[in-house]
Every structure is written in C-alpha cells, then in structure tokens.
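**Q** Order-wise, the sequence lines are chains A and B.
Per the UniProt record's numbering, the very first residue in the first sequence carries number 1; after that it's consecutive.
Per the UniProt record's numbering, the very first residue in the second sequence carries number 1; after that it's consecutive.
You may find that some hints are simply not true.
[As the list claims (entries may be wrong)] Covered, in the sense of this in silico footprint (three residues per stretch, anywhere, with C-beta under 8 Å from a C-beta of chain A), are these stretches of chain B:
1) 78-84
2) 94-108
3) 114-122
No lab work stands behind these hints: they were computed from the structure.
From the three backbone atoms N, C-alpha and C, an ideal C-beta is built for every residue, glycine too.
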Amino acid sequence: MRRAAARRAAGLAAGRLARRPVVWVGAVFLGLTFGMGTLAPYLGFLFPAGTRLVYTRASFPELVASHALLTGAASLIAIAIGLAAALFATRPTGRPYAATLDRLGALAQTFPPVAVLALAVPSLGYGALPTAFALVLYGVLPVLGAGMAGLSSVPAAVLEAADGTGFSPAGRLWRIELPLAAPILLAGIRTSVTIGIGTATIGSTVGALTLGSPIIDGLSGDNPAFVLQGTVLVALFAVTVDLAIGEAQRALPQRAR
Amino acid sequence: MIRFEGVCKSFGGARAVDEVTLDVARGSLCALVGTSGSGKSTLLRLANRLLEADEGSIRFDGADVTGIPPVELRRRMGYVIQSVGLFPHWTVERNIATVPRLLGWPSARIEQRVAELLDLVGLTPGLHARRYPDELSGGQQQRVGVARALAGEPELLLMDEPFGAVDPPTRRGLQDSLMAIQKRTGTTILLVTHDVEEAIRLGGTLAVLDQGRLLQTGTPAQVLTQPANDAVARFFGGPLLGLNRLKALRVGDRAQAGAPSPGEGVPIDSEATLEAALARMVAEGCSRLPVRRLADGSRGVLDLADLVRP
Chain A
1 MRRAAARRAA GLAAGRLARR PVVWVGAVFL GLTFGMGTLA PYLGFLFPAG
51 TRLVYTRASF PELVASHALL TGAASLIAIA IGLAAALFAT RPTGRPYAAT
101 LDRLGALAQT FPPVAVLALA VPSLGYGALP TAFALVLYGV LPVLGAGMAG
151 LSSVPAAVLE AADGTGFSPA GRLWRIELPL AAPILLAGIR TSVTIGIGTA
201 TIGSTVGALT LGSPIIDGLS GDNPAFVLQG TVLVALFAVT VDLAIGEAQR
251 ALPQRAR
Chain B
1 MIRFEGVCKS FGGARAVDEV TLDVARGSLC ALVGTSGSGK STLLRLANRL
51 LEADEGSIRF DGADVTGIPP VELRRRMGYV IQSVGLFPHW TVERNIATVP
101 RLLGWPSARI EQRVAELLDL VGLTPGLHAR RYPDELSGGQ QQRVGVARAL
151 AGEPELLLMD EPFGAVDPPT RRGLQDSLMA IQKRTGTTIL LVTHDVEEAI
201 RLGGTLAVLD QGRLLQTGTP AQVLTQPAND AVARFFGGPL LGLNRLKALR
251 VGDRAQAGAP SPGEGVPIDS EATLEAALAR MVAEGCSRLP VRRLADGSRG
301 VLDLADLVRP
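Could you put the whole structure together from the sequences, leaning on the hints where they help?
**A** And the structure:
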C-alpha cells in the first residue's frame, strides 16, 4: 500500500518535471543533436531530389559543443564586464559616469554584427576569436542596462537602513543590493545569452565552428537541408537556455522577485 | 552617553548645523525638535557618521567618534528611520537578526534575542516572525524596525522621525511602546521629530533647533513655560502655545492640597496632563476636580484657575 503510494508520488513528481517546457524542449534539443545524423537520410522527401542530406564537415554534437563553448565563454566575459560596469556606475565614485557608460553600451549594439566581424578579422584573424569579440560587444549592453536598473531599483530607505545598521560596503552589496537586483539582472543576462546564441551563427562566415556552419555552407552550396538542420538546432538551443534561465529566475527567493 | 561639542556641518556653503553643543545623558531620551531644515536630521546622522562633521567633536561614551570605524560605531548604535527600510527579501526574524548576525553571535543567542525583541515591541513570534515586510501594516513594520535597531543591544538608539509615516492612533501606540521599552531596557535615545505633540508626549529632554542652531534645551514643562525666544514659542504653537503647555504639565504640578468636597466625581490622577484635566472639566461642566496622587494616595483639588496660574 505504502509502496504504491510512494510510487504514485514519484510518478507525480516525474510528471510534474516532464510538464516543464525546459525539460521537454531540452530533451528534443539533445535528441536532435545526437540523432540528426541518423535522422537526416530520411528527410529526403522535404527537399529537391539530389540534395545532400547528411552534413559531413563536422558532427552535430561537435557543432553544438563548439557553439556552446564559444557563446558560453563570450557570455561569461560579457556578464563580467557588464556587471562590473554596472557596479561601478552605481557606486558614489562611478555615478557621474553612469550615463556615459549606458550610452557606450548602446552604441556598441548599433554596430551590425557582420561589420564587427569584418573589422575584427584583420587584427584578430579568422575563427573563434573575432566571433567571441563580437559576441562580447553585443552581450555587454543587456547586462549593463539590467545591472544598473536592478541596482538602482533598491529603495533608498533600504540602503540607508543597511548603512545605518552597520553593513560594510561589500556586505551591503552582497547581502542586500545584489539579491534585490537579481531578478532584473537575471532578465538582462537571459537576453544577453539568448541573443549571443543566435548571433554566434554569423561567426561561421569568418570560420568559427558553430551551428551556423551548416547554415552558411547550406546557403553558399544551395543546400536547404543543411540550412534547416542548423537553424532548428540553434533555435532549440536558444529556447532551451532561455527556459533554463527562466527556471533560475523562478527559483529566486520569493520576495526578491 | 553622546556629547556634541561646537559641531558644525555645511552643505554647499549653507550651514545645516551651526555650533551645536549638546549632551545626552546615559539612559535619557532627548528629542531634537524643529521645523524641516532646522538641521535636526543632519545632527543625528553626524552621530553615527553617516555624515562627517566639519568642525567640533562628537564623543560617544567618552571616545571621539572619528576614532571609531563607522561600521563598528553603527553596530553599537541602533538606527531607525521614518521610511523604516526593512530588507524586503528577508523575513521579520531575519531582519531583526541583522546586527547580531553582523556581530557574529551564536545562532541560539540570536534566536532567543529575536523572540525577546518581538515580544518587546508587541509582536507575536508565532504569528509574525516568518512573515515578510510587505505582509505587515505600516505600524507593524516600524515595530520591526525598532526591534531591528535594538537587536544588537546598542548603547544608543538613534531615531529619525520614526513614527512620522503612520496614522495618529498607531503613532500613539508606538510612542507608548517606545516609552515602555526605554523604561525596561534603559537605552539612551536620541530622537528627531517635527511633531510638537510627540516631542512633549515622549517627555525626556527637548533640544530645539532652528536654522542649524540649538535654541534651547530643557524638559517639555520648562521649554513650554519659559520659551527662550520667539522662535521657540513659534515652534511650540505661537498663539496656541498655551494649549501645548497644558500637554506638558501634569495635574500634580498645579494641584493644591486639601480635601475635595463631597460629590465632586471621580478623582483625576496626579500624573495626568492638565490637558486631560481641562477636557474633563469641559465634558463634566465643572471647574474643580478631585485629585489623587498614585504614589502615596494623598488627595487634593485642581481648580480651573490653577490651570492658568503662571
């Protein structure tokens, strides 16, 4: 009896887990990453006869890993820079520069990514490096903007009380300001990372190995199958990460939201 | 406990605090009163070094505050502000535990202290401890604010218009609680208010400020019977000063010895304010009240004429 109840409870928990979009979208993403090679030969009916169906320059797990590494590294750098700049802009010494920083960040985002790549190649060479540079440039603004908005959303009374009760500046930042800024900050990180995953595909025009590689190769080689395969995986990747960060936002302490 | 000596503070050329010398004795309550812009909040924030004095010295328990690191100084002083500033992401108990945690108390002692304080400020541990600030009324939030300020067993409690944002009945309840707390804990309190009634009601010492200058210090009765100058008189009601004086004086200050004649109704307590006595005379249509001193049970009478006696 009790065992049956436990099994039912476990089943319910599993059911609840499976109902979360991040779980099943993530499962589809992983499934297609590893199964695309097997699935591709059966997709011939979708494309003009004679289309090559199996992408051979790299395996899809390889492409996903390379794509993830590139966007992951670039996002971490962008988050670090954006957060550091937001912290600086909301401290007494940096407050005069807040508007300038905000504008600089906005300016960085007005450059078209392809132009950034073209300009970066002469100094950084071909491959992942110019792509990472462009991604960092693009990723900083959402984090900077959200960081500044989040940190300045902490009520003045709360800050005064924190100072008055004897928090050190670092203690105040860590225990009061960052937890209260977290929801807005995390929203900015979500935007930054999701944009980064999409934008990274363009890196394949300068030789970075990403999920953009089959897309670019497909476009130049007139092969819609490669374009579709790359596009579907990039989209699933971006949606999975977006949903995962969404879960993290929901997991924040209730009142900080 | 805290002594200001020749303290000056300017903001952009304007003197906010001008040569203030004020001594707050250990265990006493001192109310800094004055209109907005009189420098009272500035003076308070100089005490815990949220602001630094330009001139003069501030001594806390004998030591110059500039020799104590601000963070340490503030943990030794409670601080309560009008907008409360509870940490919204923390429960009531976590908010109250702020300073003990910063001081690194063992958790059993913190737990006990939080329960003690909830009780002291009139909240129920079982009912309120786990709530978040936004689930409390304004009055309850300020009670938590006071508890948080007292948690680290501070030697001095600084309060900046602590009850300015709550409705009058709640304010009176909080004032009563504060007086009871002070009686129980003996904490020295330096409080800022622009509310004349609050200043008189809390008793203690009044320090009247105007344009950064300290105009007069004294008990409410002293200040209201002998205001040092026009500015003080104006602050305490101008033409209505006399009515506020009735709030500052007690029945015992004016009652005369002697047995009341029979049939004069319920005696009034000698600790009641003259305002309360006048209110009863008006309500009962009489000009004499029997008086009873609670301390020794002795009796007396209060005549309407006693109220206006200089």
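**Q** Confirm or reject each hint.
**A** Comparing the hints with the structure gives:
Judged by the Cβ-Cβ criterion of 8 Å, the stretch 78-84 of chain B is covered by chain A as claimed, because 4 of its residues qualify and three suffice. Judged by the Cβ-Cβ criterion of 8 Å, the stretch 94-108 of chain B is covered by chain A as claimed, because 3 of its residues qualify and three suffice. Only residues whose C-beta sits within less than 8 Å of a C-beta in chain A count toward coverage, and the stretch 114-122 of chain B has 0 of them, not enough to reach three; the restraint is violated.
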